[in-house]
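Engineer: What follows is each chain in one-letter form.
2 protein chains.
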Amino acid sequence: MHNLRSQLINNNKAKILLIVLDGVGGIPNNTKTELESAKTPNLDKLAIKSETGCHTPIIHGLTPGSGSAHLSLFGYDPMEFDIGRGVLEALGLDLEIKNTDLAIRGNFATIKKNGAKLIVTDRRAGRIDTKTNERLIKKLSTQIKKIGNYQILFKSGIDHRFVVKIISPNKIDDSNCLIQDTDPQSEGLQPLSAKNLNTKSKALSKIIIKLISSIEVVLKDENKANYALFRGYSTFPGIPTFQDLYGIKAASITTYPMYKGISRLVGMSPLKVDANSIDSQVSVLIKNIDKYDFFYLHIKKTDSYGEDGNFKEKVKVIEKFDKLLPKIKKLNFDVLAITGDHSTPSKMKGHSWHPVPVIIESNNSFKGISKRFTEKECLKGNMGIFEGKYLLNLIFAHGQMLNKFGA
Amino acid sequence: MHNLRSQLINNNKAKILLIVLDGVGGIPNNTKTELESAKTPNLDKLAIKSETGCHTPIIHGLTPGSGSAHLSLFGYDPMEFDIGRGVLEALGLDLEIKNTDLAIRGNFATIKKNGAKLIVTDRRAGRIDTKTNERLIKKLSTQIKKIGNYQILFKSGIDHRFVVKIISPNKIDDSNCLIQDTDPQSEGLQPLSAKNLNTKSKALSKIIIKLISSIEVVLKDENKANYALFRGYSTFPGIPTFQDLYGIKAASITTYPMYKGISRLVGMSPLKVDANSIDSQVSVLIKNIDKYDFFYLHIKKTDSYGEDGNFKEKVKVIEKFDKLLPKIKKLNFDVLAITGDHSTPSKMKGHSWHPVPVIIESNNSFKGISKRFTEKECLKGNMGIFEGKYLLNLIFAHGQMLNKFGA
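The listed protein sequences correspond, in order, to chains D and C. The numbering of the first sequence is the numbering used here, which starts it at 355 and goes up by one. The numbering of the second sequence is the numbering used here, which starts it at 355 and goes up by one.
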């Protein structure tokens with residue numbers, strides 16, 4: 355898909371803004387969804403002037419993670435590209451991942467010695483708090499900096515979770531880290547060996563086995579967190595960038611590290627946002643308007659409140675965004691697209707597979723069908739229900755940036 | 355797709371008419387599209403009795419050329435088959451293309467000698483008029499008839515454009531004409547060499563290089579058009595025919611050479627139409643009604659006026675067609691399908707990616723949803739929005755010509 359699009363791209367440089375209200379789609383809580391309940395006079399006005407439809411992030415019935423949902427919105431087939439769990443976790447903690455890096459998800463855990471055997475007695479080290487976690491990571495970072503030629507970096511996550519980044523002296527990819535997870539998945543069992551599962555992964559397997567021993571030594575006097583379990587070994591996914599594929603300069607305006615990280619993977623420049631608010635994000639957009647062709651603005655809180663099952667607060671975030679829309683409209687983008695990466699119905703307290711409304715406003719919009727930016731109204735639209743990976747085709751088409759397909 | 359369909363075809367011989375109003379789809383100019391503005395009482399009556407939907411010619415957001423859009427309507431995956439530019443141009447000039455033929459797009463150009471070097475000073479020879487073009491083609495045709503064993507044919511196009519057809523003594527395909535375009539794409543540069551880009555294209559490359567020298571000699575005393583630039587080398591696309599795939603006899607009723615050519619590529623018999631009018635086309639249909647199973651009737655002017663940005667005249671063509679519909683209805687086709695190959699919104703003055711309305715009337719239609727043959731009304735229909743390559747499935751299905759899929 356992205357290669358075909360790359361072949362068809364022309365020299366038109368339309369100014370594009372893609373706004374992603376994370377998890378904005380919902381299902382009726384009683385009779386209405388969050389979008390239907392929200393008072394959104396500005397979005398309503400925009401919807402009437404826009405081409406409308408809904409996207410299903412992956413395919414019918416599949417609920418996406420944030421990584422795959424965003425790859426899809428950015429025009430990559432999420433079945434083809436895979437951001438590994440370790441990389442996604444690392445991006446979420448604001449670690450940059452390059453093509454020499456291996457990212458691993460770590461858990462602090464408790465082990466007991468049973469003769470020569472190690473037995474995992476708590477896979478989460480009693481769910482230690484984040485503060486303790488930070489203390490431990492500091493200790494590890496001070497005492498373990500290198501294993502052989504490989505540089506080692508630790509970063510705290512929430513509770514018992516952390517990430518290890520191993521920087522190899524050479525380029526590596528996922529074929530170099532087919533290594534067994536060490537988490538035995540049940541308590542009372544021995545940790546598994548980080549053995550290599552193909553020959554190309556032997557070098558990294560050795561490093562990881564040594565790293566685990568070193569960690570054990572550093573943590574040996576800890577009460578709960580005296581061990582670490584590893585899984586989700588993954589490397590830079592090698593995604594061709596917007597610049598390479600389409601020759602356009604793209605920037606991202608996000609407040610959460612993970613989305614900044616994903617945007618960086620596809621070649622967007624993450625712009626600095628001072629405060630975690632939509633106002634600040636819009637100010638950054640206004641300040642940088644002349645510097646880029648394509649902006650991706652990510653609003654997180656719709657998803658967060660959806661995950662919490664907080665219908666009311668999710669509605670308020672949508673209304674807050676609606677109030678800022680006129681400021682954005684004044685910037686006169688050639689193409690303005692608004693959607694979510696997936697649905698997060700408050701009623702379900704989590705991501706879902708339900709189609710997500712999309713509106714695209716440009717001079718070339720088939721307008722006048724949908725009266726609001728809601729699930730039901732956008733379902734009537736002439737984009738129909740389409741797989742998310744096609745959204746970028748439509749956005750570029752509205753910007754008249756694609757040549758005809760075929761003679 | 356076409357192979358699967360071919361496997362499922364049975365012996366029912368439904369009488370089918372597919373009417374293609376070229377570029378009929380639009381976007382609202384102000385509040386209405388061309389189809390919405392047109393007074394179409396007969397189409398309206400038909401729409402209510404028909405199964406309705408919209409097709410997206412290729413995939414969401416891709417704007418098709420005429421060739422790929424028609425391949426799709428004729429049931430071929432446009433991603434799989436590709437009609438080369440040279441072949442399409444040749445078909446457009448009413449040249450027949452067989453599996454021994456190479457078609458090339460030519461431009462008359464102006465060159466200047468700079469020592470031993472040739473410099474292209476005008477890539478379009480000052481956009482000479484078509485009459486001059488015809489004089490030059492006559493001159494070339496008289497003096498260049500063969501290069502080695504290869505027969506050479508020239509045909510005038512509009513302004514500075516022409517087509518060369520090289521007839522090889524043997525069958526050839528696109529792997530035999532991977533040859534560099536000679537157009538340097540900018541003035542002030544030397545023409546590029548027609549060198550072969552793979553070894554299988556060496557023979558044709560040699561012929562083309564000799565042909566270019568011969569043309570230079572014939573044109574040497576011309577003031578402006580003293581050279582020819584070549585591009586778009588392509589061969590017969592090798593599409594399996596309707597007869598081979600489905601065992602049906604198909605005919606085309608078109609007024610423009612290109613569509614006649616495309617229909618011929620898929621094995622339809624082009625019927626002679628005396629005058630360039632829809633009336634004449636309908637008369638030809640009536641006259642030949644007993645001779646074929648499947649008719650493709652192509653109406654061009656909806657697209658032409660769309661390309662011109664002439665909303666009013668596009669509306670008039672639709673209304674003109676509507677007036678003739680009762681005559682067509684009297685022929686009692688088992689399956690009557692009406693659609694466009696793509697949208698050509700007058701507002702955009704060109705092809706677009708917007709979904710195109712489709713109606714299919716048969717005894718097996720799910721009727722009563724859409725009240726008119728318009729974009730918005732057809733969007734409501736039970737065919738939904740589907741890729742154009744599936745249209746022929748639906749048409750055959752309505753004719754009960756396909757066996758069940760799977761046990």
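Just so you know, these hints were derived from the structure itself, not from any lab. It is possible that part of the hints are untrue.
Stated by the list, open to error - No farther apart than 25 Å at their CA atoms in a straight line, the calculated lysine-lysine pairs in the DSS-like style are these: (1) C:Lys670 <-> C:Lys684; (2) C:Lys684 <-> D:Lys403; (3) D:Lys725 <-> C:Lys725; (4) D:Lys367 <-> C:Lys725; (5) C:Lys666 <-> C:Lys641; (6) D:Lys399 <-> C:Lys734.
Engineer: Next, verify each hint and record whether it holds.
Structural biologist: Hint-by-hint comparison with the structure:
1. C:Lys670 <-> C:Lys684: Holds, because 23 Å separates the two Cα atoms, which is no more than 25 Å.
2. C:Lys684 <-> D:Lys403: violated (42 Å)
3. D:Lys725 <-> C:Lys725: holds (21 Å)
4. D:Lys367 <-> C:Lys725: violated (40 Å)
5. C:Lys666 <-> C:Lys641: violated (32 Å)
6. D:Lys399 <-> C:Lys734: At roughly 23 Å apart (the allowed maximum being 25 Å), lysine 734 of chain C and lysine 399 of chain D satisfy the hint.
The structure fails hints 2, 4 and 5 (numbered hints given earlier, in ascending order).
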